[in-house]
Amino acid sequence: DAKTTQPPSMDCAEGRAANLPCNHSTISGNEYVYWYRQIHSQGPQYIIHGLKNNETNEMASLIITEDRKSSTLILPHATLRDTAVYYCIVRVHTGANSKLTFGKGITLSVRP
Amino acid sequence: DTGVSQNPRHKITKRGQNVTFRCDPISEHNRLYWYRQTLGQGPEFLTYFQNEAQLEKSRLLSDRFSAERPKGSFSTLEIQRTEQGDSAMYLCASSPRGIGQGMGNKNIQYFGAGTRLSVL
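Here the protein sequences line up with chains E and L, keeping their order.
Each residue of the first sequence is one higher than the one before, starting from 1 at the first, in our numbering.
Each residue of the second sequence is one higher than the one before, starting from 1001 at the first, in our numbering.
Simulated from the structure, these hints should not be mistaken for laboratory data.
Keep in mind that this is a model prediction, so the values were computed, not measured.
Please note that the accuracy of each hint is not assured.
Have a look at the derived ranges for each label pair, beta carbon to beta carbon [unchecked claim]:
(1) L:SER1027 x E:ARG81: 24 to 30 Å
(2) E:THR56 x L:SER1058: 30 to 36 Å
(3) L:GLY1085 x E:LEU51: 37 to 43 Å
(4) E:LEU51 x L:ALA1053: 26 to 32 Å
(5) E:MET10 x L:ASP1063: 37 to 43 Å
(6) E:GLY103 x L:ASP1063: 40 to 46 Å
(7) L:SER1073 x E:GLN45: 22 to 28 Å
(8) L:GLU1028 x E:GLY103: 46 to 52 Å
(9) L:THR1013 x E:SER41: 17 to 23 Å
(10) L:SER1066 x E:ASN19: 42 to 48 Å
(11) E:GLU66 x L:GLU1028: 22 to 28 Å
Negatives, chain E to chain L, calculated, CB over 12 Å [what the hints assert, rightly or not]:
(12) PRO21
(13) GLU66
(14) LYS69
Note that the Cβ used here is the ideal one computed from N, Cα and C, for glycine as well.
Produce the entire structure from the sequences given, and follow the hints as far as they go.
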């Protein structure tokens, strides 16, 4: 699976949009971009995934650049409960084993 | 559907003792994963089951570690002769069998809250 690079931390004000960047310059054509988050003392939680088109769900939006070498996770109106470690992962979508390869992620701190 | 359940949530043991953790996946999820997470790091893959078959083991899974998934339902992870370096959060995840190749096949892993092991 391709490696990803994320800044170690960022913060944003409650109610504002949080834009979390991720670089994945070695992504392969059959690899998807997944985002998970981990709130303190909990297991990771799936947020969203995409291949090349932008995606949106009830939690977030995912913007993938045209060359697919980077992406941005957008939390449109961050709340204090969004404080967590966010992991950007690229992996083959299907197959016999779809293990997740986590990096250190980016720690998002939402301030009041 | 109650999600992935892991027991116990916390385990404190003395070095050299054996410990066993249990994971109950979401019902009808045929894929089950074990990960280990140490402080400040992301989870690291340990092993993977499809139904009752253990299909992959990480090099992190030393001979002291063994995982089983009898009948393709719950799974257990046993650590023999624990060492202080085994102290970590042990996470279990399950996912349904993927259907198709496109975006509709979400192939999402659902995680439990983990078992935190402290080896004294």
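Run through the hints listed earlier and report the numbers of any the structure violates, in increasing order. 6, 8, 11
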